[in-house]
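K.L.:
Using the sequences plus the hints, can you model the full thing?
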Amino acid sequence: MLDALLQALYSGVLNGSVYGLMASGLTLIWGSFRMLNLAHGAVYVAGAYIAYGLLSALAWPVPVTFVLAVGGAALIGLVIQLALINPILENPGRDSASLIAALAASIVIQSAILLVFGGQTKQLPPLLDGGFKVGTTLMSYQGLVVIGTAVACLFLMSVFLRVSRRGLAIRAISQNMDAARLMGIPIVPTFVVVMVISSALAGLAGVLLGSILFFTPAAGFTPMLMAMVVTIFGGLGSVTGTIWAAYIIGLMESFVAVFVGPSWAVSGIFLFMVLMLVIRPNGLFGLGEARRL
Amino acid sequence: MLKVEDLEAGYGGSQVLHSLSLRVGDGETVVVLAPNGHGKTTLLRAISGLIRPRAGRVEFDAMDLTMVPTEQIVAAGVVHIPQGDLPFPEMTVLENLLIGAYRSDAWRARSERLERVFELFPLLANRQRHLARSLSGGERRMLALGRGLMSTARLLMIDEPSLGLSPVVIEQVYAAIHAIKRAGLSILLVDENAEHVDGLADRMYLLEAGVLVREGAADVLLRDQALLATYLG
Numbered sequence: 001m002l003d004a005l006l007q008a009l010y011s012g013v014l015n016g017s018v019y020g021l022m023a024s025g026l027t028l029i030w031g032s033f034r035m036l037n038l039a040h041g042a043v044y045v046a047g048a049y050i051a052y053g054l055l056s057a058l059a060w061p062v063p064v065t066f067v068l069a070v071g072g073a074a075l076i077g078l079v080i081q082l083a084l085i086n087p088i089l090e091n092p093g094r095d096s097a098s099l100i101a102a103l104a105a106s107i108v109i110q111s112a113i114l115l116v117f118g119g120q121t122k123q124l125p126p127l128l129d130g131g132f133k134v135g136t137t138l139m140s141y142q143g144l145v146v147i148g149t150a151v152a153c154l155f156l157m158s159v160f161l162r163v164s165r166r167g168l169a170i171r172a173i174s175q176n177m178d179a180a181r182l183m184g185i186p187i188v189p190t191f192v193v194v195m196v197i198s199s200a201l202a203g204l205a206g207v208l209l210g211s212i213l214f215f216t217p218a219a220g221f222t223p224m225l226m227a228m229v230v231t232i233f234g235g236l237g238s239v240t241g242t243i244w245a246a247y248i249i250g251l252m253e254s255f256v257a258v259f260v261g262p263s264w265a266v267s268g269i270f271l272f273m274v275l276m277l278v279i280r281p282n283g284l285f286g287l288g289e290a291r292r293l
Numbered sequence: 001m002l003k004v005e006d007l008e009a010g011y012g013g014s015q016v017l018h019s020l021s022l023r024v025g026d027g028e029t030v031v032v033l034a035p036n037g038h039g040k041t042t043l044l045r046a047i048s049g050l051i052r053p054r055a056g057r058v059e060f061d062a063m064d065l066t067m068v069p070t071e072q073i074v075a076a077g078v079v080h081i082p083q084g085d086l087p088f089p090e091m092t093v094l095e096n097l098l099i100g101a102y103r104s105d106a107w108r109a110r111s112e113r114l115e116r117v118f119e120l121f122p123l124l125a126n127r128q129r130h131l132a133r134s135l136s137g138g139e140r141r142m143l144a145l146g147r148g149l150m151s152t153a154r155l156l157m158i159d160e161p162s163l164g165l166s167p168v169v170i171e172q173v174y175a176a177i178h179a180i181k182r183a184g185l186s187i188l189l190v191d192e193n194a195e196h197v198d199g200l201a202d203r204m205y206l207l208e209a210g211v212l213v214r215e216g217a218a219d220v221l222l223r224d225q226a227l228l229a230t231y232l233g
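Chains L and Y supply the protein sequences, listed in that same order. To convert, note that position 31 of the first sequence is 31 in this note's numbering; the numbers rise steadily by one, no gaps. To convert, note that position 181 of the second sequence is 181 in this note's numbering; the numbers rise steadily by one, no gaps.
Among the hints, a few may not be true.
Stated by the list, open to error - DEER-style ranges, computed between Cβ atoms: (1) L:T121 to Y:G84: 53 to 63 Å; (2) Y:E115 to L:V163: 13 to 23 Å; (3) Y:H178 to L:M177: 46 to 56 Å; (4) L:N91 to Y:D64: 24 to 34 Å; (5) L:A152 to Y:P35: 39 to 49 Å; (6) L:L225 to Y:E208: 55 to 65 Å.
Just so you know, the hints here were simulated from the structure itself, not pulled from any lab data. Positions of the beta carbon are idealized from the N, C-alpha and C atoms, including for glycine.
P.N.:
This is the structure:
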C-alpha cells in the first residue's frame, strides 16, 4: 500500500513537472495574444530531435547538447512568430488565421523531422544514469533531474513575471492591451519574447522527457493535448493557476493509474475536467475574463 | 509644446472630431470641457495613437507624432491616463507603478521616481503589496495618476479623473492633480465639470459635438455663467 502510494506520488510529480513546462508556455501565449498555439507539441518534439541529431553528429557532452537543443527550440519559436504569426496580427480574422498558421507550422516541423530522422522511435541518453529504490519504487536519477529542472524553471519564470521589466510588460499586455500601449510597451516585440520563452520551455520538456520516453515525429501531440487540459483546468492565461493545475493533474493521473488501473488514467482526467468546468467554468483558478497571468 | 492641427478622428462610419486644433504650452494646464459624448476621450485617444487620426497633425516639441505608434509617443514624453477603471487589476500597487516606468530611461531611475510618487500619494505607499483590484475607486485613480508620474512624461493627458467618485474623493484627486501641476508638468485635462477645474486650469477649450467652440483664459471663461450653462447644461 505504502509502496503503491510512493509510486503514484513519484510518477505524479514527474508528470506534473512536464505538464507544467508545457502548459505554462501555452498559457503565456494565450494570455498575451489569445492564440491557441497548435505548434507547441511540434516544438516540444523538435527539441528532443535536435538533441538527438547533435549527439549523433558531434558527440559533445550531453548537458551542452541539451542546452543547445533548448536554444534550437526557442529559435524555431522565433521563426514561427516572425514568419507566420506577426504578419497576420493586424488581420481582422486573426483568431482563426493564427490557429491555422500554427497548425501549418506543426505539420511542417513534423514532416521535416520525418524526412531527416525517419519514423523509427528514438531515445536520448539520460543526464544522469541509474537510480535507487525506495521500497519497491524505482526512482531514476533522470526522473529527479526532470523534476528539479522543471521546478527551478517554473520558479524562475514566475519570478521573471513578477520583478523584471519584460515580465511585468507581458502581464500588463495580458490584462489590458490598450493600457499596456499607454505605458510605452511595444506590443509585437513583447509577443516575440513570449513565443521564444514558451518555445524554449517546450523544447526543454522534450529534451528532458526524451530520455525517459521513446519519441517519434508525432510524439508531441499527446503532451500538447495534456498541456491544453492543464491550461484550461488552471484557468486560461493564469500562470500560477496553470502550474498548480499541472501538478494536480499529474498526480491525479498517476493515482488513478496506480489505484484504479492505467486504462482509466486519461479518461478519468477528462471526466474530472468536464465536471470541474461545470462547477467552475473559468477553470480552477480563473476569476473570469479579468484574471490574467 | 503640444500642437494639434485640424485633427479628424472617429470610429467606423462615424466621425467624432471635426477639424480640431489646440495647443498646450510648456508647464501649462489646459482643460477641454464638454459634456459626455462630445469627443473628449476620442481626442486623447487620437493624440496618444490608440486610434489613428483620419486627418490633421499632432506635433510635440516640433516632432511629428501623427501616425506614430503609441510606444514612440510615450517615448517622446506624452503620457495618457485613461478614464474609468484601473487597467491592471491583477497586479499589485507596486507592480502597477513599476510598469509605469517601462521605458528604459524611466526604469533606470525607478526608485527615485517611486519615492516621488509615494511622497505625493502617501496612501499608495501603505498599499504597495495589495492587488490593484482590491483598492477603492479613489485609490485606483490615485494609482493611475501615480503610474503616469512614473514615466518620463512631460505632458500628462488626464481623462475625466472624477468619473464615478464621491465628492470627498473627487477633492483628493484634484488636489493630487494640483500637486502634479506644481511639480512642473504640462497637463491636458478633459473634464465635464467646470467647478472641478477652477483654480487648476490656465487655459480652456469648450468642445461641442467634436468641434472646439470657444477658447480662452480659464478665469475668463469660468466666470461666464451664461456660456457655461449653454455648453455644459
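K.L.:
Hint by hint, note whether the structure agrees.
P.N.:
Verification of the hints:
Between T121 of chain L and G84 of chain Y the beta carbon distance is about 56 Å. The supplied range of 53 to 63 Å therefore holds. Checked against the given bound of 13 to 23 Å, the beta carbons of E115 of chain Y and V163 of chain L, roughly 18 Å apart, stay inside it. One distance hint, 46 to 56 Å for the beta-carbon pair H178 of chain Y and M177 of chain L, is violated here, with the actual separation near 32 Å. Taken as a hint, the range 24 to 34 Å holds for the pair N91 of chain L and D64 of chain Y, whose Cβ atoms sit roughly 28 Å apart.
Judged by the Cβ atoms, the range 39 to 49 Å given for A152 of chain L and P35 of chain Y is violated: they are separated by roughly 57 Å. Checked against the hint of 55 to 65 Å, the C-beta distance between L225 of chain L and E208 of chain Y comes to roughly 58 Å, which is consistent with it.
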